[in-house]
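Student: Listed here are the chains, written in short residue letters.
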Amino acid sequence: MRYEKPESTAEAVRLLANEAGLARVLAGGTDLLVQMKSGMVEPDLVVDIKQIAGMRTVTPEAGGFRIGAAVSGAELGENAEVVAQWPGVVEGFNLIGSTQVQGRCTMAGNLCNASPAGDAVPSLVAANATARVAGPNGERDVTIEQIPVGPGRISLAKGEFITSIFLPARPARSSDAYLRFIPRTEMDIAVASAAVNLTLGEDGTVTAARVAVGAVAPTVRLVEPAAQALIGTKLDEDALAALAAACSAAANPINDKRGTIEYRTHVVGVLAKRAALIAYERAGGRK
Amino acid sequence: MKSIHVAATINGDPAEFVCEPQETLLDVLRNRLGLTGVKEGCGTGDCGACSVTVNGRLVCSCLVLGGEVQGAEIGTIEGMADADRLHPLQQSFIDNAALQCGVCTPGILVAAEALLKKNPDPTETEIRYWLAGNLCRCTGYDKIVQAVQDAAQQMRGA
Numbered sequence: 001m002r003y004e005k006p007e008s009t010a011e012a013v014r015l016l017a018n019e020a021g022l023a024r025v026l027a028g029g030t031d032l033l034v035q036m037k038s039g040m041v042e043p044d045l046v047v048d049i050k051q052i053a054g055m056r057t058v059t060p061e062a063g064g065f066r067i068g069a070a071v072s073g074a075e076l077g078e079n080a081e082v083v084a085q086w087p088g089v090v091e092g093f094n095l096i097g098s099t100q101v102q103g104r105c106t107m108a109g110n111l112c113n114a115s116p117a118g119d120a121v122p123s124l125v126a127a128n129a130t131a132r133v134a135g136p137n138g139e140r141d142v143t144i145e146q147i148p149v150g151p152g153r154i155s156l157a158k159g160e161f162i163t164s165i166f167l168p169a170r171p172a173r174s175s176d177a178y179l180r181f182i183p184r185t186e187m188d189i190a191v192a193s194a195a196v197n198l199t200l201g202e203d204g205t206v207t208a209a210r211v212a213v214g215a216v217a218p219t220v221r222l223v224e225p226a227a228q229a230l231i232g233t234k235l236d237e238d239a240l241a242a243l244a245a246a247c248s249a250a251a252n253p254i255n256d257k258r259g260t261i262e263y264r265t266h267v268v269g270v271l272a273k274r275a276a277l278i279a280y281e282r283a284g285g286r287k
Numbered sequence: 001m002k003s004i005h006v007a008a009t010i011n012g013d014p015a016e017f018v019c020e021p022q023e024t025l026l027d028v029l030r031n032r033l034g035l036t037g038v039k040e041g042c043g044t045g046d047c048g049a050c051s052v053t054v055n056g057r058l059v060c061s062c063l064v065l066g067g068e069v070q071g072a073e074i075g076t077i078e079g080m081a082d083a084d085r086l087h088p089l090q091q092s093f094i095d096n097a098a099l100q101c102g103v104c105t106p107g108i109l110v111a112a113e114a115l116l117k118k119n120p121d122p123t124e125t126e127i128r129y130w131l132a133g134n135l136c137r138c139t140g141y142d143k144i145v146q147a148v149q150d151a152a153q154q155m156r157g158a
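Protein chains in written order, with full-length UniProt numbering: chain A, 1 to 287; chain B, 1 to 158.
Treat the hints as calculated values from the structure; they're not laboratory data.
On the chain A side, residues computed to face chain B include the following (Cβ under 7 Å):
| no. | residue |
| --- | --- |
| 1 | M1 |
| 2 | Y3 |
| 3 | G29 |
| 4 | V34 |
| 5 | K37 |
| 6 | S98 |
| 7 | T99 |
| 8 | Q100 |
| 9 | V101 |
| 10 | G103 |
| 11 | R104 |
| 12 | E186 |
| 13 | M187 |
Every beta carbon over 10 Å from chain A, so not counted as near; a handful from chain B, in silico:
| no. | residue |
| --- | --- |
| 14 | T9 |
| 15 | N11 |
| 16 | R30 |
| 17 | L33 |
| 18 | G34 |
| 19 | A83 |
| 20 | D84 |
| 21 | H87 |
| 22 | Q91 |
| 23 | A97 |
| 24 | G102 |
| 25 | A158 |
Covered, in the sense of this in silico footprint (three residues per stretch, anywhere, with C-beta under 8 Å from a C-beta of chain A), are these stretches of chain B:
| no. | stretch |
| --- | --- |
| 26 | 43-50 |
| 27 | 58-68 |
| 28 | 130-142 |
Being a predicted model, the structure only gives us computed values, none of them experimental.
Don't be surprised by glycine CBs; every beta carbon is placed ideally from N, CA and C.
Please model the entire structure based on the sequences and the hints provided.
Tutor: Set out below in structure tokens:
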């Protein structure tokens, strides 16, 4: 195995594109090193992207934030501006692993690991965030939901990697929330999860919404009917019931040791309702 | 396989080592630098026995490559005591009998020190969540939490 730490995006792309064997990108390493240890992945080349300018910084851009691909959970959790604007994004990200894992893990890594249960992903989808992808043909911006295509599989081509994630500008009276269910209190993988991102009008009516669900399908899913169920309402009981029903209808989970199909399908709706109420209150809505 | 030469600061002292590309910081600390206070429990980031700080940030050294720490400041359990004077956390773990076999203890002390630097007056809940990535199979955790609380109180008074 070769270990390289290029100082530019172009050099990283060149290394990744020219490697004849298996190449892997290293940012936080909290998935990659575990996979290497178990022998699941045996890279010929590891490209550490942390020396590239911008990978470890959060920069205000167009009213939103550009978050470098190697920014850790601990670092983002200490960024008061991002926490204020996007509490749901940060709380999802900060649920990954332990304090030690938070010291290293990244949102781009969670996205590219492509677990259906990745805790950073549903809130990014609900936020309408985009990933900036660098590759042999230059840079492109891709919506988060386009990155994973199935468990452990992503849409990036050879030589491509994510350089940053962009969280867009927020209208007034907007907020978000993320909830997952795990049978323990900490350090576990989501059985089902939901993220809700809302904007309210002056009277507290929902004017815009995005809802995403995790761990209930091969990839995290954006649930447009769930968002439609909330728009034009003040989250009355009927709206919340329609939200839950839409999320359950979008679920296509597996049976495994952590949860049954029936359980996950039901619980994802419950989590979406609760997350919607939290996002509503954070956005300044009064129930 | 090309070896990597790395210069870093460990517990305040300059250190240099040569390692293989796939070698973890944990293996470098234990096998090349003799810092065997850092323990390998699971080797996959679940147990926290290999906890160290890299540039002040608490991490599992089993999930860091040796080659990544060029120029970094690393803190391990060996840097915690002031010569023969134990750190208040170390003394408190002894006073509270907060260890039995001791394999998890260095990692827990390093993690607890990182917590108290960030939050000198943590609640019991905050301590338990912060240390959720440090597994102990002997104590049942109550004595560990008590030891951290006692040390925190003492350090605030100091």
